[in-house]
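Engineer: Protein chains in written order, with this note's numbering: chain A, 4 to 357; chain B, 73 to 419; chain C, -15 to 271.
Using 20 Å as the maximum straight-line C-alpha spacing, the simulated PhoX-like pairs for lysine-lysine come out as follows:
no., chain 1, residue 1, chain 2, residue 2
1, A, 128, C, 178
2, A, 107, C, 178
3, A, 128, A, 147
4, B, 366, B, 378
5, A, 107, A, 96
6, B, 115, B, 281
7, B, 384, B, 366
8, A, 128, C, 157
9, B, 208, B, 232
Now the in silico label distances, taken between C-beta atoms and shown as ranges:
no., chain 1, residue 1, chain 2, residue 2, range
10, A, 42, C, 177, 36 to 46 Å
11, C, 177, A, 322, 42 to 52 Å
12, C, 245, A, 151, 52 to 62 Å
13, A, 69, C, 177, 27 to 37 Å
14, A, 296, C, -3, 50 to 60 Å
In case anyone wonders, no lab produced these hints; they're calculated from the structure. Using N, Cα and C, we set each Cβ at its ideal position, and we do this for glycine too.
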Amino acid sequence: MSRQAAEQAAAGTQRPEEQKWMQVSGLKKYFPAAGSTIFNRRYVKAVDDVSFDIRQGETLGLVGESGCGKSTLGRTLIRLYQPTAGEILFDGKDLGSLGGREMKDMRRRMQFIFQDPSASLNPRKTVRDILMEPYRIHNVGTEKEREERARFLMDRVGLESYYFSRYPHEMSGGQKQRVGIARALALRPELIVCDEAVSALDVSIQAQVINLLEELQEEFSLTYLFISHNLSIVHHISDRVAVMYLGKIVEIGPHDAIYERPAHPYSQALIAAIPSGDRREDRERILLTGDVPSPVNPPAGCRFHTRCQRCGAICRQETPPLREVEKDHFAACHFVGGSAAADPEQQITASAEK
Amino acid sequence: MASKKQDAGRGEVLLQIEHLSVAFHTVEGVHNAVRDVSYTVQKGETLGVVGESGSGKSVTALSIMRLVPNPPGETTGGKILFDSRDLLSLPMEEINRIRGNEISMIFQEPMTSLNPIHTCGRQIMEPLLLHKGCGKQEARQRALEMMRLVGIPIPEQRIKEYPHQLSGGMRQRVMIAMALICQPKLLIADEPTTALDVTIQAQILELMKRLKRELNSSIIMITHDLGVIAEMCDRVVVMYAGQVVEISEIDGLFDHPYHPYTEGLIQSIPTIRPDRPKLYSIEGTVPNPFAMPKGCSFAPRCRYAKDLCREKSPALEDLGGGRAVRCWCWRDTGKRSAGTEEGGEAQ
Amino acid sequence: MKKIKYSLRSSSFVRMLRTNPLFAIGVAICAAWLVVMVFADLIAPCDPLLQDMAVRLQPPSAQHWFGTDSLGRDIFSRVLVGSRISIGAGIQCILIAAVVGMLIGGLSGYVGGILDDIIMRIGELFTSFPSIILAMVIASAMGASLFNTLLTMCIVWWPNYARVMRAMVIQVKSNEYVEASRSLGASRLRIFFKEILPNSIGSIIVLATVDFGNAILLFASLSYMGLGSPPPAPEWGAMVSNGAEQFSYWWVATFPGLAILSVSLGANFIGDGVRDYLDPKLRKTIS
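Just chain A, with the same shape it has in the complex:
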């Protein structure tokens, strides 16, 4: 895929941001479940057969509820976790099979911003040491040059040089997150995975950090995978959005398509659940009932069928594939797109049978 894309790009027929830059196919990440023994192996299927692509220069939003595997997906993508199965093609190389040396070089091109800025900074290091560490690891420049670069980074993320020799606990949450961002930028990566990067911050600080991320994207031509449970923020920052439920991507498409014409019943419920702030309009809310099932033992067929109001007989048996709803907009639901889309009458009788 990526070779094709590269050729097309070389021929100049396609704009660079439409290249298939990072291609993920059939990615799985299983963890051994608690209480699993040698005789009775059970797995938490955190990411289960996920395929999508990330295009250079875009921001792909990844939304879903806690435990849906979005964070695991982000970590597996840059190989903080070794994938159980599947392929992550980046620049024509499969990340899962890279050796130590090659992976170390690859790490310079992809970075991670963590949710909790207090937990992701070593409490016993000063900001100076934290920001010089990436250069030390990769043997870039002399100590003096490293310090200069660290100071430059501080300036870029809007931290006063006063904090250079401070420890993380002497800073506020927003400032710590800026340090985390500066560290991620140090090696001039191309892809940054932001895992709930603003969720732990106060509202007024959130806006600062979102604006900063947007500025930096432009300045350093970054590509973001922006993972968040906050749909309003994802809407604000993303070009495309992927919705995850129980280890699977159930819908992916351009952000306006997802927010204005969500095709999957789960996406519809998610978007309806955003507190709108408009009380006068008594919107019809799709309230989901029940809880997310356990990822150790996910429901057969469509994983959403236990909470779905449109659930039909086929949903309990067959896992729906991602099907194109409109250009570039895919959803994994039996009743959306393709030939299997049944008419409402049939659905009602189907669910009444049960």
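We have chain A; now place chains B and C onto it with these hints.
Structural biologist: Leaving out everything else, chains B and C in the frame of chain A:
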């Protein structure tokens, strides 16, 4: 400016906080977490309290319950009148009779606020046994009813289960059932949905609205999420650095915020709008509690700040119509906000 | 930059001295013993090995402050000079045991899996015996000498440190900053020494200061049984043992005993203070 809703009993004051001040004594010095806070809660209303971490919103709520740890915390002044009794001067036995009975509280983190070694049923029944002198059988019956009311499926089964066996949403329901079992006059909800997922949050908010209608309790809703406030509340109190900076009916607040901080907050939350304008951000950070600015606490971050603001701290000014604001230049706020969407150079 | 660091550190040290009187006492005791250790030769009024049968077993007096023992040696001088052996042995034993235990425990916790199981079972083997009996067995098998006794004590003691270190490492390695370092491409060795070790070493330091008193006591007990430093050397445990044979002459055993007590008490106080300081809950009110 009058409220559009005509709830029964609105207008009658249930809780009145007058000039409350709470200080914490720490190694670094005295931290005035709550500074001269006054607000009222009317019967049957939902009052929202918004503010960032460290704004004193939770400490105020804890003071109502007399739950501020002492030491290091200390109430340095003020009154909290509840049904014409001052909660701050009541003896502890009296407070214990009110807690969980007339006033109850829902906490943010349902896992840590439930006792892991007791069954959910027992924890829901506890206030009944304690306050109402119910028998075991009757308490069980009412607990089951309450669990059904808050939407816990198969309550006969759940009543025997322990907190760790439940999901986050279910635990929060257990907390709410526990808080509501004695039909309190006032329910204090401290970030009740922050730890929950969007779809579960929607369920819980819907549930709280319904319960308020059915039980006619008053609710103090403490949160940093303006979306939740807009959806749930009748009136809003905005707090910043330990002070009330604005009080308003909900409708007026979002259309015409008077305090620059409120305005900044509203403009800094991303909304689901197709055009996606650049977010306004309030520059800087919350002031260090041990080095409060001399004048208005918000002045260092305010885009309207004048010399007066940096010199003298403004008082909470009553503007009539249920609105009050603590700002020298609230008249400017609305006028300039339209023109300075891109702004933010104030620092 | 260094200056800021220094002033921060020293001010929190001063604050600890002020707010925690026991810590201050501990520091005072240990500082005093440190001075004694360094200047023992100058302070001691007599030669600690000089025997004078004419003045044997004399009670404390102006000339012999702590009295004399059965060979007429000045007990005051012996206690002062003996501090070098006893406290020195304690420090060496703790240092070696802590470093060895820390590395083994760190490896065990960081690598995990089968290696972890093996190391921990070996550690349990050592800790399942009372330390004093185990030490006696090993020391008598290897013969009585200062070096052997130290070695014995380290063998007995490392599992404590390994266990604490392992628990800390397992906790610390799940922190996001460890993951952050990995995402930057740091090697496992670098992560261990740069990220994990500095954050787990705190509890080892606490354990070491608390254990310091125990080490002196164990060394003293081994010496008491004749397994420590060989006779003429003024070792506190040996002195107590020597005095215990002559019950009617109370001063012979009392003063070295008091010395042991004061050092272990001082070390314990310091250990408690350090633990309080490192407890993040207590620090939260500061930050």
